[in-house]
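Student: Chains A and B, in that order, give the protein sequences.
Each residue of the first sequence is one higher than the one before, counting from 1 in the UniProt record's numbering.
Each residue of the second sequence is one higher than the one before, counting from 1 in the UniProt record's numbering.
Take these hints with a grain of salt, some might be off.
Copies of one chain are not kept apart here, so a pair can be met inside one copy or by any two copies together.
What the hints assert, rightly or not - Dumping the calculated DMTMM-like pairs for lysine to aspartate or glutamate here, alpha-carbon to alpha-carbon at most 25 Å:
id : residue 1 : residue 2
1  : K190      : D310
2  : K70       : D259
3  : K160      : E320
4  : K118      : D307
The hints are simulated quantities; they were obtained by calculation from the structure and are not laboratory data.
Letter by letter, the chains look like this.
There are 2 protein chains.
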Amino acid sequence: MVKSNLDLLAPTPLHCLMPASFPYYEDNRAAYTANLANYHAFRVSGYDATLGYMLNSVVERFPWPQEYWKIDSEAKTVTLLTPENADPALRSKLVQDSIAEAVKQNTFEVLKGWRNEKYPVFAPGGEYLLEIERSASCLFGVVTYGAHMTGYVEDGEGVKLWVPRRAKTKQTYPRMLDNTVAGGMCTGEKPFECIVREAMEEASLPEPVVRASIVARGCVTYTHVRDVRAGGETGLLQPEVEYVYDLKLDPSVTPKPGDNEVEEFKLLSVSEVQGALVRGEFKPNCAIIMIDFFIRHGILTAENEPDYLDIVARLHRRLEYPTASHCGK
Amino acid sequence: MVKSNLDLLAPTPLHCLMPASFPYYEDNRAAYTANLANYHAFRVSGYDATLGYMLNSVVERFPWPQEYWKIDSEAKTVTLLTPENADPALRSKLVQDSIAEAVKQNTFEVLKGWRNEKYPVFAPGGEYLLEIERSASCLFGVVTYGAHMTGYVEDGEGVKLWVPRRAKTKQTYPRMLDNTVAGGMCTGEKPFECIVREAMEEASLPEPVVRASIVARGCVTYTHVRDVRAGGETGLLQPEVEYVYDLKLDPSVTPKPGDNEVEEFKLLSVSEVQGALVRGEFKPNCAIIMIDFFIRHGILTAENEPDYLDIVARLHRRLEYPTASHCGK
Numbered sequence: 001m002v003k004s005n006l007d008l009l010a011p012t013p014l015h016c017l018m019p020a021s022f023p024y025y026e027d028n029r030a031a032y033t034a035n036l037a038n039y040h041a042f043r044v045s046g047y048d049a050t051l052g053y054m055l056n057s058v059v060e061r062f063p064w065p066q067e068y069w070k071i072d073s074e075a076k077t078v079t080l081l082t083p084e085n086a087d088p089a090l091r092s093k094l095v096q097d098s099i100a101e102a103v104k105q106n107t108f109e110v111l112k113g114w115r116n117e118k119y120p121v122f123a124p125g126g127e128y129l130l131e132i133e134r135s136a137s138c139l140f141g142v143v144t145y146g147a148h149m150t151g152y153v154e155d156g157e158g159v160k161l162w163v164p165r166r167a168k169t170k171q172t173y174p175r176m177l178d179n180t181v182a183g184g185m186c187t188g189e190k191p192f193e194c195i196v197r198e199a200m201e202e203a204s205l206p207e208p209v210v211r212a213s214i215v216a217r218g219c220v221t222y223t224h225v226r227d228v229r230a231g232g233e234t235g236l237l238q239p240e241v242e243y244v245y246d247l248k249l250d251p252s253v254t255p256k257p258g259d260n261e262v263e264e265f266k267l268l269s270v271s272e273v274q275g276a277l278v279r280g281e282f283k284p285n286c287a288i289i290m291i292d293f294f295i296r297h298g299i300l301t302a303e304n305e306p307d308y309l310d311i312v313a314r315l316h317r318r319l320e321y322p323t324a325s326h327c328g329k
Numbered sequence: 001m002v003k004s005n006l007d008l009l010a011p012t013p014l015h016c017l018m019p020a021s022f023p024y025y026e027d028n029r030a031a032y033t034a035n036l037a038n039y040h041a042f043r044v045s046g047y048d049a050t051l052g053y054m055l056n057s058v059v060e061r062f063p064w065p066q067e068y069w070k071i072d073s074e075a076k077t078v079t080l081l082t083p084e085n086a087d088p089a090l091r092s093k094l095v096q097d098s099i100a101e102a103v104k105q106n107t108f109e110v111l112k113g114w115r116n117e118k119y120p121v122f123a124p125g126g127e128y129l130l131e132i133e134r135s136a137s138c139l140f141g142v143v144t145y146g147a148h149m150t151g152y153v154e155d156g157e158g159v160k161l162w163v164p165r166r167a168k169t170k171q172t173y174p175r176m177l178d179n180t181v182a183g184g185m186c187t188g189e190k191p192f193e194c195i196v197r198e199a200m201e202e203a204s205l206p207e208p209v210v211r212a213s214i215v216a217r218g219c220v221t222y223t224h225v226r227d228v229r230a231g232g233e234t235g236l237l238q239p240e241v242e243y244v245y246d247l248k249l250d251p252s253v254t255p256k257p258g259d260n261e262v263e264e265f266k267l268l269s270v271s272e273v274q275g276a277l278v279r280g281e282f283k284p285n286c287a288i289i290m291i292d293f294f295i296r297h298g299i300l301t302a303e304n305e306p307d308y309l310d311i312v313a314r315l316h317r318r319l320e321y322p323t324a325s326h327c328g329k
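Could you build the full structure based on these sequences and the hints that come with them?
Tutor: As structure tokens, this is what we get:
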């Protein structure tokens, strides 16, 4: 049983740790509509769906190859024009060629962080449409997918969480605190296999331990607005789906850095994690996975968190874009 | 550890078990706006907030006492006019008097199910505004609050859930399956105390067992559109917040009907619950608490449920009305 650490949790503005967010229509219709005027909808011909929102300033500066892009500044759309028989490989190549031109012309800061990892983009119904270089996904505002796992230990004193510090050499958010194991999902990856792989790579956790004891606990979804901490252009939208896992570890099992991504792991109490959250030491999207963990484990409750309902809804935003289905494929 | 019962879970359209839902602006802006034309916004003077949406046909038939109601059919608003120094008692009395007149005139079917229980309505910031008779809350479309607890047992074969059948004398959804313990929250009640009280009343669970082992696991929020199964007028909106609790029980503890609400309790396997869900045997808002349980316990996953992301977001709708804060009051 997880103890509720009410005494340890001073009332803190956890609400402020939620990622800077694209406005909600429900909250303020005028503000939502006004904000949307800053963006163009990214579309692919033949599909009736907005795949992401691109900042107007990105659309203006992008060196679009005119033969396969249609920019409509009236309708505020950017459409990839593809032949009717196009397949994901062709669509991906056209997008890739366009990004390569932007890299060549040195158009965008965020492309200096080239990852050489491909992220999938889906059409309505979960159809795989194309893939895109990871560092460019925020220019197009497409949904990206990741898997986050919290490793924890329970003893008489309550819950303790295994928290890594990101290596100082990490391209993004160096030296910030992170979730025990987390990773982005490349084309073709499924969440469970992604988190098992990352658990071995990042935390040296034995595969049999992970497979036997890890439990899928849902997912967290939100639309992040990039700020200076992410590096590069600001105001870019990052709609994200994070599949959430818990792994209750035996006290004898210790995660250890397995690659150069993590500097060290520490076993922190709930109040220590809470303190680090409030001081802004966690990478922003990892902070909200911690908040989700606290809610799921009865540590944050309706009775001790004034913004409880607001936070729970913000952790599970209904994204206004088509999303993946990882079922049975 | 909860076993993932992949083999037991045939792919079923769980998505169809989600409550008939008020449309999402994100999904179809035109449909959302068109649908909204069927409703008036319920407001209280002095507060800049829509507290609920009332069907136009309800607004037309309601015998509004003109001295303290303003109906604006242009702006589609119904506003309770209160003096500036009004307090919750006065506002509640004005609403109560209006409902009493509708009861006297026999205007609405739903008021024949008079409960004599008062549900609270909140202003922005969680300020307690007024209370309203439970059976009338769906006429005004205000947010209502409840607490649902799933009692379960784990053994070598996996998870088994304690599932009650509602008494045949219940006013709503007689003989349907329910959550182990569930109840609506009246004015002044907090979720945790509500569920402890209901656990004793409905399931005869000893208070020390419940207090020691129950864990708050978040909440489920949605806007239900009432259909014939609920009785009375259809198309009424019921935005609901259900605080969710798990109680892992020792196999030696058996819930027993403690009042006349429950006919019997049965310990069902995941596949038995799944079968009952698919056959529509669960009360609708209890079905979705079961789905939430399956997601939180790794039984439904991204890999075995095609509508996983859609379901998780629908379970946590951001309500477009002010909601309660149960913190520290």
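Student: Now look at each hint and say whether the structure bears it out.
Tutor: Evaluated hints:
no. : hint        : verdict
1   : K190 x D310 : between (30 Å within a copy, 17 Å between copies)
2   : K70 x D259  : neither (43 Å within a copy, 67 Å between copies)
3   : K160 x E320 : neither (36 Å within a copy, 36 Å between copies)
4   : K118 x D307 : between (37 Å within a copy, 24 Å between copies)
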